[in-house]
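A.B. asks: Next come the chains, spelled out residue by residue.
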Amino acid sequence: MQLASIHFKERAHEKLNDAQLQFNLQKFKGRFVAARRAAIVELDDFEGTREAARAIRQRGLDHLDTYLTLFEENATARGATVLYARTPDEVNALVLEIAKRHAVRKIIKSKSMVSEESALDHAIEAAGMQVVETDLGEYILQINDYEPPSHIIGPALHKSKEEVSALFEKTHGTPRKDVIEDLCLEARHVLREHYLTADMGISGGNFFVAETGSVVLVTNEGNATLTTTLPKVHVAISGIEKVVPTLEDVATLMRLLPRSATGQSISNYVDVLTGVKGPGEHHGVEHMYFIVVDSGRSEVLASDVREALQCIRCGACMNHCPVYQNIGGHSYGWVYPGPIGSVLTPMYVGLENAPDLPQASTLCNQCGVVCPVKIPLPDLLRKLREKEFERGMRPWSETTGLRLWTWMARRPKLYGWLCRLGVRMLRGLAARDGMIHRLPFGGGWTRGRDMPAPAGRTFRELYAARTARDATSEGSRNERTA
Amino acid sequence: MRVGLFVTCLVDLMRPSIGFAALRLLEEGGAEVYVPATQTCCGQPPYNSGDRADTQVLARKVVAEFEDCDYLVAPSGSCSGMIRAHYADVFRDDSAWAARAAALSAKTYELTDFLVSVLRVPAVPGRFAGKVTYHDSCSGLREMNVKSQPRALLAKAGVEVVEMAECETCCGFGGTFSVKYGEIATRLADNKCAHIANSGAEAVVLGDLGCMMNIEGRLRRRGDSRTRVLHVAEVLAGELP
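As given, the protein sequences belong to chains A and B, one line each in that order. Each residue of the first sequence is one higher than the last, beginning at 1 in this note's numbering. Each residue of the second sequence is one higher than the last, beginning at 1001 in this note's numbering.
Errors might be hidden in some of the hints.
[Stated by the list, open to error] The calculated DSS-like cross-link candidates involving lysine-lysine, where the alpha carbons are at most 25 Å apart (straight line), are:
#, chain 1, residue 1, chain 2, residue 2
1, A, 29, B, 1147
2, B, 1147, B, 1180
3, A, 374, A, 100
4, B, 1180, A, 387
5, A, 232, A, 106
6, A, 106, A, 15
7, B, 1107, B, 1131
8, A, 15, A, 27
9, A, 9, A, 27
10, A, 232, A, 27
11, B, 1156, A, 9
12, A, 374, B, 1131
13, B, 1180, A, 15
14, A, 29, A, 9
15, B, 1131, A, 383
16, A, 159, A, 170
17, A, 177, A, 159
Hints in this document: simulated from the structure, not taken from any laboratory.
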């Protein structure tokens, strides 16, 4: 996917002023939040389950080498081939190689965010093959000239029903439909043909299970099941961090994933795919490949933001993020938006290519408290801010301002005098309503808001005066008594 | 019981009445209040900007100024949250100061939490006849577990609290975020203003001056000169500005 995180501010400005998008975002905003709230109370011990899920994910990461080896052994024993990709380019190269080996002409895909990292669809088309996205959201984006996804579980959440209607009418050449069910049926009709004629299916992978060598797919539309079972070749692509030790662990994580994501007790489909079709078996593919992707993940593992790799891609952090809710996913400029994206994107594409992302958060910690695997997202954002500061990536005005503030604040006497002077000057800028309407050097604030003017005296000077007054009256009382 | 009052730099600069209200509430609650004259900043601005060296300088100063008190209390969830929840990280590579900071963190409280949980005040001096809505500031709510305490105290002051929609959602302040990403901050504040208006309250009450300035600044710019923006300490102490 084309990286555009460097344009965060301009994009956010554009999105804040896009009336149609704002309408769509407002409509979607509360829905996932309310659904999750209702779903988590079904669990007797939600917090305990979160803690267990965190521990499972951490155990997987602590012994990643062991579990990946175990996964490879068990998958291979069931007739699958496990391949490793160090970079996004290697992902594409491996897919093309597999396609060539099996003389593939048409590929169907169920949702895979990892494949967005390497713009796999473009690589497939450039190699002369056809690729069809089958997740409804991804399909909508594909036929809209590969519009980028704006959400990790609902890639087309930013689009209204009307926009999709118009797109279908134009692409399919069918009469316009305005009922959602009819639109779904139309997509289903179009896609059905592709399922039956594709030579290869590509899926993502919510979990790789070490003890069984399986891939677990969590979906709602049924497209992943068709994608991974109808063609003779199945390729599952996911990150190295998605390996979990046991199926039992998957069961624990599944108590939280759909509930945190869409507010469902369980998703409509959960596929556990293990190995190829054995002798005498009726189900399963003839050839099964796993592409296990690093693409910057081992660097995250070795860094002080490694907890980001615990992520199970539920999207709760973005659903609950007040910034995401208002600017939408496209502002973040890459595959993963919202709080988790603001940690992962700089790590995967370079902090210098996404310097705004760690900064563009109020650190309100709504993301941290809803994360089902307890990733301390604000702490991780702050750690990235430390790196920006250390590398001298922040504007001169900001670093100088901070240094000056600290320099003053550690000198209480001087600080006191400067504050007295400062509040009097600010007071002088106040209009009759007690508000400062325009602040020199403070346009970032006063462009959209007034600044309530200070009272004009600092607490410290008023308190000192009061203490002195009390002491005097105490003194004169004592004199009288004497 | 010797309580150190950490006034916070914003209250010192912008709205001293909050500091005096906190002082009165603590004294009437039976505490002997100590106000270190040299106090300035808890270190949150450099901390959230990734400037660890400067954060440590300011955090050491706070620890040294307050460690002799039985408690540190601040009329702010944000500053008390900085001290209680983040000083351990600030001194993650300095074990001597980490130990001193941990001792202070353990006795650091947000004002309303302290009045309810430690002083267990039976009554408050302020009376306020009117309908208000309460904004739960992020750090107070999610770092200091401040939720029921201010509401319980407001009830003692005879205040009717009507809850607005999304009272736990960030107002968009976020410290330097409010200037660096002013446009986004303004939109978040806009949402907050709309919820306040829809609640029908005549005032919004909250426990953090940063959020107050953001919300009041947006309310006034939107042309709402009527809705009052009050610190919970001001209402409880009966010392409205």
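A.B. asks: Work down the list of hints and note, for each, if the structure agrees.
C.D. replies: Hints versus structure:
no.	hint	verdict
1	A/29 with B/1147	holds (24 Å)
2	B/1147 with B/1180	violated (29 Å)
3	A/374 with A/100	violated (42 Å)
4	B/1180 with A/387	holds (18 Å)
5	A/232 with A/106	holds (12 Å)
6	A/106 with A/15	violated (36 Å)
7	B/1107 with B/1131	violated (34 Å)
8	A/15 with A/27	holds (15 Å)
9	A/9 with A/27	holds (23 Å)
10	A/232 with A/27	violated (41 Å)
11	B/1156 with A/9	violated (46 Å)
12	A/374 with B/1131	violated (37 Å)
13	B/1180 with A/15	holds (17 Å)
14	A/29 with A/9	holds (21 Å)
15	B/1131 with A/383	violated (42 Å)
16	A/159 with A/170	holds (16 Å)
17	A/177 with A/159	holds (16 Å)
Violated hints, in rising order: 2, 3, 6, 7, 10, 11, 12 and 15; the structure is consistent with all others.
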